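Chain by chain, the residues run as shown.
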Amino acid sequence: MAQATYLTQSFSGDKKTTLTMRTDRWWLEPFLTGAGFLAFVIYTTWAMFQAEYYWAGSYLSPLYSPLLFVDPSASGAPPVAHAWFGYWPKWWPNFIPSSPAILILAGPLSFRLTCYYYRKFYYRAYFATPSACAVSALAQKDYKGETHLLLFQNLHRYTLYIAIFYIVILTYDTLVSCFRDGRLGVGVGTLVMAVNVILLSGYTFGCHALRHLVGGRMDCFSCASGQEHWGHKTWKKVTWLNERHMPWAWVSMIWVGFTDFYIRMVSMGIWQDFNTWGN
Amino acid sequence: MAQRSFKIWRGDKNNGQFVAYAIELEPGMVVLDAIHRIQSRQVTDLAVRWNCKAGKCGSCSVEINGKPRLSCMTRLNEFPEGQVITVQPLKTFPIIKDLVTDVSWNYAQNKRIAPFKPRTKDADGNYRMYQRDVERVQEFRKCIECYLCQDVCHVLRDHAKKEEFVGPRFMIRLASLEMHPLDIEDRIPKIKKEYGAGMCNITKCCTDVCPEHIHITDNGIVPLKERVVDRYYDPILWLWRKIFRG
Chain A
881 MAQATYLTQS FSGDKKTTLT MRTDRWWLEP FLTGAGFLAF VIYTTWAMFQ
931 AEYYWAGSYL SPLYSPLLFV DPSASGAPPV AHAWFGYWPK WWPNFIPSSP
981 AILILAGPLS FRLTCYYYRK FYYRAYFATP SACAVSALAQ KDYKGETHLL
1031 LFQNLHRYTL YIAIFYIVIL TYDTLVSCFR DGRLGVGVGT LVMAVNVILL
1081 SGYTFGCHAL RHLVGGRMDC FSCASGQEHW GHKTWKKVTW LNERHMPWAW
1131 VSMIWVGFTD FYIRMVSMGI WQDFNTWGN
Chain B
89 MAQRSFKIWR GDKNNGQFVA YAIELEPGMV VLDAIHRIQS RQVTDLAVRW
139 NCKAGKCGSC SVEINGKPRL SCMTRLNEFP EGQVITVQPL KTFPIIKDLV
189 TDVSWNYAQN KRIAPFKPRT KDADGNYRMY QRDVERVQEF RKCIECYLCQ
239 DVCHVLRDHA KKEEFVGPRF MIRLASLEMH PLDIEDRIPK IKKEYGAGMC
289 NITKCCTDVC PEHIHITDNG IVPLKERVVD RYYDPILWLW RKIFRG
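Taken in sequence, the protein lines are chains A and B.
One rule links them: number in the working numbering = place in the first sequence (from 1) + 880.
One rule links them: number in the working numbering = place in the second sequence (from 1) + 88.
Keep in mind that the hints were calculated from the coordinates and are not lab data.
Here the structure is a predicted model, which means the values were calculated and not measured.
Incorrect hints may appear among the rest.
Claimed, not checked - Calculated lysine-lysine pairs in the DSSO-like style (CA-CA distance at most 30 Å, straight line):
#, chain 1, residue 1, chain 2, residue 2
1, A, Lys-1116, B, Lys-209
2, A, Lys-1024, B, Lys-281
3, B, Lys-199, A, Lys-1116
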């Protein structure tokens, strides 16, 4: 029989005012995710303003695609034939680098910033609302959630359409990268670009908004005919990806950065690209 | 036999404090066992709510080392040896005594929700449903109403917005009705304006603490938010309705 010890010590304290009573390392996840995303933002911002070494042989960095205009005089820039609208516009202000990335990065960024997973992590990591579960949220005079300033988050489905457009473009870039000087081939860079498309597709097609649009909006998947609606089949596939949305989000984001880094290193001549073209 | 120390919140709605206790352990003990042992041998007036002791009634919700959990499903051997285990009442609700809180606000929220309203029966006088149509709703029916999700939701817990948000548990109830293949009641306007879908910033703590592992956010709240977007925030759908439905 257990022998009890009676009332050994008393503690005082107001449970309403403590930050948290959690004893585990609750701060680790918001710290790592916050630092990880910040590192990505710093790298992409740096890469965006470089405006050079984003083309290697037939590889185009995903941070610079679609290539709307190009300044072919920049080091490591593609030939002008690869740009949708030709030469870099003359009216472009001198104090802003003539970087094609500046023109296009808002598209994928808008998708990630309104993504339901990203919202979870950055509300936790950067806005402490809350930092972790059962940890006091940052005090606010009148918390409004996503009803006032953050109403724009409701347009996530439109950023999804943009993201799907980018996947089409990046798929095209990957196919184009298989042709160099009129010869069909493949290199490590091609594989890196192909993996990038696959990872971005896994992330994009697991989107909560897409899951709703393809089937989640329906109350009944069989009521019309008694047969399974195509929307239910699609919804199940999107659901499979959606259940893994977080890892897809992180791996795809990191791989975008790596793809740019790989092409940059090859373009600068620091890394050798192993390929079938022999150059 | 090994000993384990506890700090348990003692007090009422006016004031209280953590009080330290120690008991000797037996194999397989859960936190509720420890509380019962303290209650039976040391402080018989220690108030604790419990019922099934099997993780199915949702009565024994407390905060253990700061995390909202069921005390009957939390084993003592999962904590590092020598660590003092802190047990306190749910922070979001008013304390009645010691570990017991007044959760009646939740019952009031439930009454605000329009009940199930079935469509007309098929020609043969029956309702007809397929498994694939009720699978989503069945997940929500696992809810045991422990209110851990309500407790951890920062909208209720830290911002005290009980007038503006019904909380995750009732978003799940709303989802189970809205997604029901036979239900024809339209609750979307109230989900936006009265039940406060927009107050949730989907930080997913409700999902993290759910003892029934219901995907509260991904399968309940986010789909409801998307239905609100369909009705109120999608400019193309809005235009479509204006043109084709007057």
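Keeping to a limit of 30 Å between CA atoms, is the pair of Lys-1024 (chain A) and Lys-281 (chain B) held or broken? It holds: about 13 Å lies between the C-alpha atoms, which stays within 30 Å.
Quickly compare the C-alpha distance for Lys-199 (chain B) and Lys-1116 (chain A) to 30 Å and report which way the hint goes. violated, 33 Å
Hinted pair Lys-1116 (chain A) and Lys-209 (chain B), Cα distance within 30 Å: holds, 28 Å
Figure legend: structure checked against the earlier numbered hints; the only hint not met is number 3.
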